[in-house]
Every structure is written in C-alpha cells, then in structure tokens.
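**Q** If you want the building blocks of each chain, they are given just below.
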Amino acid sequence: MNSPLLSARGVTKRFGSRLACCNVSFDLWPGEVLGVVGESGSGKTTLLNCLAGRLAPEAGSVAYETASAGTVDVHCLSEARRRLLARTEWGFVNQDAREGLRMGVSAGANIGERLMAIGARHYGNIRQTASDWLDRVEIEADRLDDRPTTYSGGMRQRLQIARNLVSEPRLVFMDEPTGGLDVSVQARILDLLRGLVDRFHLSAVLVTHDLGVARLLTHRLMVMQGGVVVEEGLTDQVLDDPQHAYTQMLVASILPV
Amino acid sequence: MLRVSGLQKSFVMHARGTVGDDLALPVLKHVGLDVRPGECLALVGPSGAGKSTLLRSLYGNYRPQAGSIQVRHRDDWVELVDAEPRVILDVRRHTMGFVSQFLRVIPRVGAVDVVAEPMVRLGADLTEALRKAEFLLGLLGIPERLWALPPATFSGGEQQRVNIARSLIADYPILLLDEPTASLDQANRDGVIDLIRQRREAGTAIVGIFHDVAAREAIATRLHNVALPTSQTGVAA
Chain A
1 MNSPLLSARG
11 VTKRFGSRLA
21 CCNVSFDLWP
31 GEVLGVVGES
41 GSGKTTLLNC
51 LAGRLAPEAG
61 SVAYETASAG
71 TVDVHCLSEA
81 RRRLLARTEW
91 GFVNQDAREG
101 LRMGVSAGAN
111 IGERLMAIGA
121 RHYGNIRQTA
131 SDWLDRVEIE
141 ADRLDDRPTT
151 YSGGMRQRLQ
161 IARNLVSEPR
171 LVFMDEPTGG
181 LDVSVQARIL
191 DLLRGLVDRF
201 HLSAVLVTHD
211 LGVARLLTHR
221 LMVMQGGVVV
231 EEGLTDQVLD
241 DPQHAYTQML
251 VASILPV
Chain B
258 MLRVSGLQKS
268 FVMHARGTVG
278 DDLALPVLKH
288 VGLDVRPGEC
298 LALVGPSGAG
308 KSTLLRSLYG
318 NYRPQAGSIQ
328 VRHRDDWVEL
338 VDAEPRVILD
348 VRRHTMGFVS
358 QFLRVIPRVG
368 AVDVVAEPMV
378 RLGADLTEAL
388 RKAEFLLGLL
398 GIPERLWALP
408 PATFSGGEQQ
418 RVNIARSLIA
428 DYPILLLDEP
438 TASLDQANRD
448 GVIDLIRQRR
458 EAGTAIVGIF
468 HDVAAREAIA
478 TRLHNVALPT
488 SQTGVAA
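For the protein sequence lines, the chains are A and B, in the order given.
Take 1 as the starting number for the first sequence in my numbering and just add one per residue.
Take 258 as the starting number for the second sequence in my numbering and just add one per residue.
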C-alpha cells in the first residue's frame, strides 16, 4: 500500500472534434478494483484503451509501477516493451471474447500461449496448468483440445478470463466482461471474477454500464458523462448517496427485480 | 472507539432538466457523539429524523458535508469524513461491521460462504472460517440443509440472520446495527440479542437503531436522541 499501481494524470483523447475523454486523473492501489460506469458513448472504453496503452492520448500520462523495473510511463515505452508488459504483467478481457482469443487454435493452446510468454517451456506442465484453469472456470477437461469456435458465448468468455489470468497478472483491464451474455451465464462469470479477484488479490479497472455488476465487483467507482468524470468515490457511496445529477439519474434508472 | 463532532448531512436532489430547481433536504445538523469500548449507544427519535442517515454516515456509506468522524483503527485515530476510499475499506475490513435490515444477495454464493467471507478476507484459514460460519448459522437457528444454498430464496428472517452472522464472524471492535431484530420471531430475536450482548460485554463498541424496545433495553447502555431538523425542506441555489 505504499505506492499506486497505476496513476493516470490528465488523460485526454479526442476523435476529430469530439472529446472522448477529458482530463481524467486517478490512482489505482494494489488490490483495488475500480469501476468506470456511464452510458454508451460516455468515453469509458476510450479511457480503458488509453490506460492499457492501446490508444495514445493527446495529453496526460499513465504511469505503471512494474514488478521489477520501477515506474514506467506506459505511453513512452517502446512498442515491444509495452507488448511484453501486456503479455506478462497485465490482462485484458474484451467484451467480445473473439477479440481476446485466438479462434484458430485449441483452448489449451490459448491458455498455454500466455504461459509460454512468461517463460514456461515444459509441455506437460503447461498442459496441466491449462487443464487446471479450465476446471477453475468450469469448463470440462475434455474440451481442452477443442477450438473456441466450438464453444458457446459464455464458455468463450470464461476461456478468455482463464487465458488472461493464468499468468497471474498484477493488473487486469476489463471491458464489459459480462456484456451480451444472458443472466445465468452472467451470474456464473461474476461469481468467477469475484472469487479470482479475492483469491489473487487482483487489481483491475472494469468498464461496465451495468451498475449491478459494478456493485458486485468493484471497490471504487468513477462515473463518466460526455468524456468527463462527474463523480467518484467508494462504490456503495456513489450508488447509495449519489451527488451529481447525472449519477442520480443513472441510479434512479435501475430496474428493480 | 468512535468520536463524532459537528456532523452535517443534507441530501440534494437535482431536478431533471431545470437548473436552479434543486431540492435540499437537511438531515443531520451538528451531530456529536462519543462511544467507548463495551458501550452500546441506541439512536432514538421519530421516523425520518435521520437515525439511519447517521448510522450510514458512520460507516462511510453516506458522505457528510461537514464535521468529523474519528474511528480507533489499528491503534490510531482515523478520520472518515472525506477519507480516501482505501482508508474506509481498510476500516471496514478490520474495525467496523454493519448489520443492515436487508442482505445484499450475491448470485450463486452459498450462505455459509457469504458468512465466512469477511473472515477469509482478513486472512483466516478457509476451513476455520467455514467452521465458525457454520457455528454461527447454527446458533442463529438456520437449518443445516440451507447452509450450502445461496440465500436469495431464503425468507426475510433467514436472510437477516445470515446477515447478522456475516457481520459477527470477524469480531469487529465496532458494530453498527440497523434494526438487527426486525422481522425475527421471538426465539430468534432472543438468540440475536444474546449474541450482540455478549459482544458488548467483550468490549465491542456498538451504535444501533432498535425500534424493538425489548431489544433496546437488553442491549443499549445509553440513548442518543436524534432530533428532527428544524427546516425540513429548502431550495438550494
């Protein structure tokens, strides 16, 4: 708890004349899960991509405290260093699992690839770890050699999570990890993520438009509207005692079950 | 364990569309209190006076506009008003438990795991935490056949007792109780009262709201009056 894992300062990104995210600053501390909520087009995903080095912001900086090489500015690294970081210390869970998986190779290879990126070489060990992770995300072991094309949407998402977490990343970026899945599948993935966050003491930035998902998985929230962070705080503070008009409107728009 | 002074809280409801049409509801004005180990302060006052708002502010769930809430945390005094989220989270993890009237159900997680979670988060051994969770559930009269099931389908009283077990498992030095005995029958109510009184006698500092007079008399050592604010509504700029 001595220094933040990720520090964003004044992150700003425009698409043409449209401001997608404006002057966003925050610190993410080890073990924290930060949720970014807001309606479609509020700039959540753009912010996430800027944080993860997938998009270059026009202004501002993103500093990351690496495991062994001190603090680096994500956007000043060489492409090769950034890719290495993304493969070894980070995870990125896409909303669409097809973007985060290699659809042409087996589930086992999808998981094994991450392990090889961090130096695993022994085939038997890699296969065993891949099989353990399939079990952890509740996919039957006999699907290890099947390609993700043969998987259902929920299974693909769980495989994507396994692929990202097998290397025990220190920081995971998640973009609507339960978007587009039906509620029972969603509950299963939320339960899985909750357990993994607790067990591995994960730090994460989670983008979602679903306040229920945010309540369940995040410690802190940032509420975005039109590219600007209009409110932030502890998740239960923001949801139970919303201060900003936009947050009050969002919270009041939740359908009771 | 807990020192509150000059606490102020009002809710500002932003009217949709029209600017300058916001409604401000002052609830807490200059609230001060002090709770020592082994004391139980019962908040009393008419409905709408702000008892729950005060309790939630103490837990860091509501954000007061002014004042101070100091908590004895890890041998130090920590200020909760305008504290960083990670400070409040650490206080909740180690020092302060909250029993609300309603259990926030987590999909697919069994009752015994719901109860064990706070203890596991404190680094306890899983088997030991589960054993203590089962012990508490048993003590609170939850039938053993329900322990592994997610509490979503439990009755109101059963959910509340799961909630109480979850809040008591970690032995927090400070407990905040919002109607811990509401929706419980006589036998279960007595069980809950006994458990809470044992905690108080062991030195836990408690602040609670008890509409049930018998529960209040059994647990509380002092009363604290929460008065209705003088102006109920007003128009903010």
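Keep in mind the hints are simulated off the structure, nothing from the lab.
All residues carry an ideal CB built from backbone N, CA and C; glycine is no exception.
Hints should not be assumed to be uniformly reliable.
What the hints assert, rightly or not - To be clear about the criterion: a stretch of chain B counts as covered by chain A if any three or more of its residues have a C-beta under 8 Å from a C-beta of chain A, and this derived list gives those stretches:
id, segment
1, 304-318
2, 324-338
What the hints assert, rightly or not - Take a look, some chain A residues computed to stay more than 10 Å from chain B by CB distance:
id, residue
3, A56
4, A63
5, V105
**Q** Confirm or reject each hint.
**A** Consistency of the hints with the structure:
1. 304-318: Holds, because 3 residues of the segment 304-318 of chain B bring their Cβ atoms closer than 8 Å to Cβ atoms of chain A.
2. 324-338: violated (count 0)
3. A56: Holds, since 29 Å exceeds 10 Å.
4. A63: At about 18 Å from chain B, A63 of chain A clears the 10 Å cut-off, so the statement holds.
5. V105: holds (31 Å)
In the structure shown, a violation is registered for the earlier hint numbered 2 alone.
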